[in-house]
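**Student:** Quick mapping for you: the protein sequence lines, in order, are chains V and C.
Letter by letter, the first sequence follows residues 1 to 158 in our numbering.
Letter by letter, the second sequence follows residues 1 to 780 in our numbering.
In short, the hints are calculated from the structure, not lab data.
Glycine residues also receive a C-beta, built at the ideal position from the N, C-alpha and C atoms.
A few of these clues could be false.
Far from chain V by the CB rule (all over 10 angstroms, computed), these chain C residues [claimed, not checked]:
id	residue
1	219
2	225
3	463
4	584
5	712
Pair ranges (Cβ atoms, derived) [to be verified]:
id	chain 1	residue 1	chain 2	residue 2	range
6	C	317	V	53	37 to 47 angstroms
7	C	768	V	82	44 to 54 angstroms
8	C	581	V	60	39 to 49 angstroms
9	C	395	V	31	29 to 39 angstroms
10	V	153	C	151	50 to 60 angstroms
11	C	325	V	116	57 to 67 angstroms
12	V	121	C	607	28 to 38 angstroms
13	V	53	C	714	23 to 33 angstroms
14	V	121	C	697	52 to 62 angstroms
15	C	714	V	69	51 to 61 angstroms
16	V	121	C	581	46 to 56 angstroms
17	C	697	V	53	46 to 56 angstroms
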Amino acid sequence: MSVTLKVNGKSHTVDVDASTPLLYILRNDLGLQGPRFGCGLGQCGACTVIMNGVATRSCIVPASAAKGEITTLEGLARNGELHPLQRAWIDEQVPQCGFCQNGQIMTAKALLDRNPKPNDAQIREGMKGVLCRCMTYYRIQAAIKRAVKTIAAKGGAA
Amino acid sequence: MTPVAGIPKHVEATLSRRNLLKSAGMLVVSFAGFDPGEANGQAPAGPYPEVDFHQLDSWIVIHEDSSATFYVGKTDCGQGTGTSFRQLMADELDVAYEKTTCIMGSTDITVDQGGSGGSTAMERDSWPMRRVAAEARRVLLEMGSQRLGAPVDQLAVSAGVITVKGAPSKNVTYGQLIGGRKFNVTLTGSNINATNGRALVKPVQELKNTGLSPQRYDIPAKVDGSLKWAVDMRLPGMVHARNVKPPFAGAKLVSVDESSVRKMPGFVKIVTKGNYVAVVCEREEQAINTAKALKLNWEKPATAPFPSSEDLFRYMREVKPTSSSRSVVVGDPESAFTNAPKLIEADYDVPFQGHTAISPAHALADPSNGQMTIYSNDMKSYGMRRGVADFLGMPREQVRVVWMEGPQGFGRTAADDAGCEAAYLAKEIGRPVRVQWMRDEETAWDTKAPAFAVKLKGALDAAGNLLALDYDARSADYNHVGYNEPDTVLIAQLMGIRPAKPASGSASMPSEMYAIPHRRMATHVVSLPLVWETPLRTGNLRDPNGPQSTFASESFIDELAAAANADPFEFRMKLLTASSAEDGGFRRARSIAALKAVADAYGWDRRSSPKPRGTGDTLTGRGIAYAFRGQTVVAEIAEVEVNVRTGRVWVKRLVAAHDCGLVVNPESLRHTVECAMLHSLSRALHEEVQFDGEKVTSVDWNSHPTLTHADVPGEVRVVLVNGDPNPNRPDLPPYGAGEAACKPMLAAIGNAIYDATGVRLRRIPFRANRVLAALKTSQA
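Pulled out of the complex, with its shape left as it was, chain V reads as follows (with noise of 0.2 angstroms):
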């Protein structure tokens, strides 16, 4: 079936079957490949994507599912900036190996969207669900709580 997307502002039209997951399409048809390919169940959040402003397991959502604005990793800057998380990551220089940072760094956006200053609670409730192998989750925390303050200083607006 033929399928538009609209993905970081733009929009691209691919033929593929209806079941094909977004992953596979955003990865090897878009060449967007921040999303990453972790466990294909949905388990780790290797792949995450935004889908109209919820975090999304791209690995999962077949292509007749993929509505709406999505946003990569790659969508993120603004105008050649960094957005404040991409930035607190590299202050707090968060990878290891790095292969998961981009569900990491797509669900705290969401996250931070949702509520712009989480508690300690409230982070690790809403990043849970997101595996990190090298285990750079505490300065991924510490990331979070920078970039809530970058956030909030610049008026609230990332």
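Starting from the known structure of chain V, arrange chain C on it as the hints suggest.
**Tutor:** Just chain C, lined up with the frame of chain V:
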């Protein structure tokens, strides 16, 4: 749709590097180093011969703007080693850190330092890098001396600019002297680790970048989505493959029903040989669907391949070992035990634990022009090149591995399976083939850290002094897989290929420096019934046996301290200070310093364990443990909260004191130690590979859980003890980091749970249901 194809930046760098190496640059001198075949008049056996580590040009290229590119035979699995190499090499070469880059691990353009493994990046592999950088500086100073007409001892050099002392207007840059051209300097050394020039490395005090914490250069592209990883590599005309693994360990493939998938969209081919099965399709999701739909007929083995995970430790204790170490005996342990007033015995168990990398194994192989290029995240890319060449029967000079970033490492990609699979399929199909394992395949079939069953016995005198200790460990490590060997890589096993003899495997002894008057230590390796084609294959997982053996030994020391009614920190200190025996690295003195540092940083109050049992649902306690790995010493303290209603353990605080000698990049080191501790915390609390009598049943993140954000301690603190506490001693060299910090954590957690609850847990992992059951048993 055409698949997205793109050559990542560092692969482009590969291509230009090859051109630079091949052309003689601007010099007309013949270039014997890089193509030995050409030098002696014979054609090379292929386009990708090994890079000659005896040529300075193999390691360093200086560009016209005086920037430098370092080509090293390492891979960075995310610990920031590349940044540290740049710091050290920039220091020796005297160029600004910002004007350096580092290329790693691609077998046809970087020397073979083996890739990564064993936490050897700084300890072993940084030395030849420093020496070649120092040699380049020496050669440049000689060139500068000629150019400026001043003797070398009248020259100063800073940030790639050579000046005549006292006459700064007389200067020349590195770029002006050699930019874009070759050194043509031959180095010495009987092996790569001994690579040397005529220059001496600088004393540590003169290293300017070393000891600072420049941010890791690899992080921005990992955060903005621009980095192309091995998993992202695409080539025109490529196809996608997925494996189909036997549904039961040791199963034999009887028949393949090709008609079950032949008409599926994008179908290209089913490839089978022996018990190896893969499907190849045009698109990735087509390969996944086809692999799922393929009908195969398998025959179960006549006998059970292994006991169930619940029965594992009984099996391991009863079966006859395949090999046993010679016992290490100190004093007369036998009579010490016979006469001791107080005897304590305990068994400790650690199950198989998987690597379970966040991304399953993957590789892309390109068979173009009769050669084989593998784009891979294999941490030992050089070993993969040899393995693939030998497995396919190709000359090694026709095979190259282009290393790109990937998930973790930690030993899994030292025994990467996907590289040989992709290469085999690419040769069969004649097109570039990308293979990726699925999650269930990776979790069930990746390499495992061996299970350990340890028996311990200790004797105390009437005053509570430790008189004798007996450590007897059994490890299920028979037929350890090695490093992409062509006869042990999984595809080879499934095809029925066997080496003459399985690897014998190993078990570890405790790594502490306690002075115990009478001691016996012995280790044994046991085998599971199924040795080949089994998902319970053992490989190196971070250390690789230290976390298991240290869990047993450092938990048991705590049991002895409790029996002696002694503070666990003081009990260990007494054992460390009971002797003055020392080695060249002052490891005993540094063990004492690390233990003191961790106790100070934590605010350890002296008392025995367990503490008086608290009331309410949440009990808190603290535990300490220490170990060394080589010359790296680490002591860790964990503070836990145990919920007595649910059995959940939350680690509130983690503090480590870490001494790995010279610290190149303190922030990178702290982060690596932090993450290593949390990795072992995950192993302590969650991780266990489970299996029934015929297959592994841990197949995803529900059935093989891992640490999550919800488990993260409130505080993780790393104190760098940083070398020798005695300032009169010479500088220490850098030792390894990463794996050492994994060792003491399991015991520290177990000791803390004991302190909180009075219940000793002797089997990993401390999942809530097990903790709860143990608490209930203790109260019954």
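**Student:** Given the hint of 29 to 39 angstroms, check if residue 395 (chain C) and residue 31 (chain V) actually sit that far apart at their C-beta atoms.
**Tutor:** holds, 35 angstroms
**Student:** Could you let me know if the closest chain V CB is still more than 10 angstroms away from the CB of residue 712 (chain C)?
**Tutor:** Check fails; 4 angstroms does not lie beyond 10 angstroms.
**Student:** Looking only at beta-carbon atoms, does the pair residue 121 (chain V), residue 581 (chain C) fall within the given range of 46 to 56 angstroms?
**Tutor:** Cβ of residue 121 (chain V) to Cβ of residue 581 (chain C): about 50 angstroms, so the range 46 to 56 angstroms holds.
**Student:** Mind checking the hinted window 50 to 60 angstroms against the Cβ distance between residue 153 (chain V) and residue 151 (chain C)?
**Tutor:** holds, 57 angstroms
**Student:** Starting from the hint 57 to 67 angstroms, judge whether the C-beta atoms of residue 325 (chain C) and residue 116 (chain V) obey it.
**Tutor:** holds, 59 angstroms
**Student:** Is the hinted range of 28 to 38 angstroms satisfied by the C-beta distance from residue 121 (chain V) to residue 607 (chain C)?
**Tutor:** holds, 31 angstroms
**Student:** May I ask you to test the hint 52 to 62 angstroms on the CB atoms belonging to residue 121 (chain V) and residue 697 (chain C)?
**Tutor:** violated, 33 angstroms
**Student:** So residue 219 (chain C) supposedly isn't at the interface. Is its beta-carbon more than 10 angstroms from every beta-carbon in chain V?
**Tutor:** violated, 6 angstroms
**Student:** Just checking, residue 225 (chain C) versus chain V, shortest CB gap more than 10 angstroms?
**Tutor:** violated, 4 angstroms
**Student:** Taking the beta carbons of residue 581 (chain C) and residue 60 (chain V), is their distance inside 39 to 49 angstroms?
**Tutor:** 59 angstroms Cβ-Cβ, so the 39 to 49 angstroms window is violated.
**Student:** Taking 44 to 54 angstroms as the hint, is the beta-carbon distance of residue 768 (chain C) and residue 82 (chain V) inside that range?
**Tutor:** Violated: the Cβ-Cβ distance is about 39 angstroms, outside 44 to 54 angstroms.
**Student:** Please settle this one: residue 463 (chain C) was flagged as non-interface, so is its CB more than 10 angstroms from every CB on chain V?
**Tutor:** holds, 42 angstroms
Checked against the numbered hints given earlier, the structure breaks hints 1, 2, 5, 6, 7, 8, 14, 15 and 17 and satisfies all the rest.
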